[in-house]
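Peer 1: Following the hints, put chain B in place on chain A, whose structure we already have.
Protein chains: 2
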Amino acid sequence: MTFESIPLPDVADLAVGILGGTGDQGKGLAYRFARAGHRVLVGSRSTERGEAAAAAIASMIGVTGTVSGAANPEAARSSDVVIVAVPWEGHAATVASLRQSLAGKVVIDCVNPLGFDAKGPYPLRVPEGSAAEQTESLLPESRVCAAFHHVSAVLLSDPTVERVEQDVLVLGDDREAVGVVCALAGRIPGMRGVYAGRLRNAAQVEAMTANLIAINRRYKVHAGLRVTDL
Amino acid sequence: MTFESIPLPDVADLAVGILGGTGDQGKGLAYRFARAGHRVLVGSRSTERGEAAAAAIASMIGVTGTVSGAANPEAARSSDVVIVAVPWEGHAATVASLRQSLAGKVVIDCVNPLGFDAKGPYPLRVPEGSAAEQTESLLPESRVCAAFHHVSAVLLSDPTVERVEQDVLVLGDDREAVGVVCALAGRIPGMRGVYAGRLRNAAQVEAMTANLIAINRRYKVHAGLRVTDL
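Quick mapping for you: the protein sequence lines, in order, are chains A and B.
Residue 0 is where the first sequence starts when you use numbering that gives the first Met the number 0, and the numbers rise one by one after that.
Residue 0 is where the second sequence starts when you use numbering that gives the first Met the number 0, and the numbers rise one by one after that.
So that you can see chain A by itself, here it is in the shape it has in the complex:
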């Protein structure tokens, strides 16, 4: 099977929830999925802030999908697929609190546990191995994948950027869920969703964000990754 010949599901009708949708990464993803025509639910700890972010996104150039805001549990319940984009601090507590709302759903963790000091960014140790594996351990009834770690919030949120030219590495043990996530990534023009291993190989994908930040600082760019020979 070549990359192009692997069939992916039609995900155009899926409602995408984004927990922590008021952060830079979450807002950027919400915008891109709304621009791709998806119904998007922007989740926040506070309903008001979720609604404010949703209104701001809905008014952006090119948005054709409906964008609404809600508290995280409501955003989780009302979505078909849910992206976890909350800060690493509080990740475990937020995810654990949503176990019932997220049961049975495809949950995509895009969180990068990073620290920063005078020498720049570095990956934090995570007892479960990675943020994604922490989520998997806290959501045994959900179908947990990891993806969207490396997409620049700056590019995602810039309405003049029509194509986000990079690949999204998708990790997961549930092959059908991985297909959904790969298809979702492909809804953003320029992006491809590429299966890149089981969830136990998520730690280095999360940590690689530190390297991309180092690249950004050295070369003044918004670096992403493209998989070659694919």
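The set of hints was computed from the structure by calculation and includes no laboratory data.
A few of these clues could be false.
The list treats identical chains as one, so a pair stands whether inside a single copy or across any two.
[To be verified] Pairs of lysine to aspartate or glutamate, EDC-like flavour, derived with a Cα cap of 16 Å:
| hint | residue 1 | residue 2 |
| --- | --- | --- |
| 1 | Lys118 | Glu3 |
| 2 | Lys219 | Asp79 |
| 3 | Lys118 | Asp172 |
| 4 | Lys219 | Glu88 |
| 5 | Lys219 | Asp173 |
| 6 | Lys118 | Asp228 |
| 7 | Lys219 | Glu3 |
| 8 | Lys118 | Glu140 |
| 9 | Lys118 | Glu161 |
| 10 | Lys118 | Asp173 |
| 11 | Lys118 | Asp79 |
| 12 | Lys118 | Asp12 |
Peer 2: Relative to the frame of chain A, chain B by itself:
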């Protein structure tokens, strides 16, 4: 400074030693540097096997540089830049034994500490953090960088492949040494050497090889990485 505007040193005259040059990765790199016109020293535990590998590489299509074989210590001493491409098993012992031969030199670790089980590849825990940091701890008089982790030995060794279209992530704390390594990567047509952080961020670059293997298996390719927006 944009990527293209950052000046790199002229490395055309540097002799490149490859420790473990009889393995797939080492042989492939030896071939590419010999094809780029470098003097290449293929190191092995045994002089005879180093010489046999060197003779095989010297006879390959497009080689313009001199290729000679030697035992690892002699290959290290006679080279300007030395690539460590030995198997992870024995990495520490081999590197430690070459401390004096490698003193003062730019040493490039390209080793990926990986395990394999029924579920595929996964990164091994390394007490020092990464193979590259292990090398740094064992070679306090050398200038240790990490690079060339993701280049497919199959593509490197295929004489019909004229351009190896991918980027090489270069890690290191010694800015001048990083420049040498970036320039060396750029000697292989299609490749760019990209600074991607300090050595403490090498672990995830090494571990990412597990993800590339997963991609190779799923899509039947020889995957590498290209940094976008650069």
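Peer 1: Regarding Lys219 and Glu3, is the shortest C-alpha distance of 16 Å or less found within a copy, between copies, in both, or in neither?
Peer 2: between (33 Å within a copy, 12 Å between copies)
Peer 1: Can you tell me if Lys219 and Glu88 fall within 16 Å by alpha carbon in one copy, between copies, both or neither?
Peer 2: Answer is neither; intra-copy 27 Å and inter-copy 39 Å both fail.
Peer 1: When no copy is named, should Lys118 and Asp228 be tagged within, between, both, or neither for a Cα gap of at most 16 Å?
Peer 2: Neither: 34 Å inside a chain and 24 Å across chains, both beyond 16 Å.
Peer 1: How do Lys118 and Asp79 come out at 16 Å by Cα distance, when the copy is not named: within, between, both, or neither?
Peer 2: neither (41 Å within a copy, 29 Å between copies)
Peer 1: My question is about Lys118 and Glu161: at a cut-off of 16 Å on alpha-carbon distance, are they close within one copy, between copies, both, or neither?
Peer 2: This pair counts as neither: shortest intra-copy Cα distance 34 Å, inter-copy 38 Å.
Peer 1: Can you give me the call for Lys118 and Glu3, within, between, both or neither, at a CA distance of at most 16 Å?
Peer 2: The answer is neither: 41 Å in one copy and 24 Å across copies each exceed 16 Å.
Peer 1: At most 16 Å between C-alpha atoms: does Lys118 with Asp172 qualify within a copy, between copies, both, or neither?
Peer 2: Between copies only: 10 Å across chains, 35 Å inside a chain, cut-off 16 Å.
Peer 1: Up to 16 Å between alpha-carbons, please classify Lys118 paired with Glu140: within, between, both or neither.
Peer 2: neither (40 Å within a copy, 22 Å between copies)
Peer 1: Could you figure out if Lys118 and Asp12 sit no more than 16 Å apart (CA to CA) within one copy, between two copies, both or neither?
Peer 2: neither (45 Å within a copy, 33 Å between copies)
Peer 1: Up to 16 Å between alpha-carbons, please classify Lys219 paired with Asp79: within, between, both or neither.
Peer 2: neither (37 Å within a copy, 31 Å between copies)
Peer 1: Can you give me the call for Lys118 and Asp173, within, between, both or neither, at a CA distance of at most 16 Å?
Peer 2: between (38 Å within a copy, 13 Å between copies)
Peer 1: First find the shortest C-alpha distance between Lys219 and Asp173 inside one copy, then the shortest across copies, and answer within, between, both or neither for a cut-off of 16 Å.
Peer 2: Classified as neither; 37 Å inside a copy, 20 Å across copies.
Checked against the numbered hints above, the structure violates hints 1, 2, 4, 5, 6, 8, 9, 11, 12; every other hint is satisfied.
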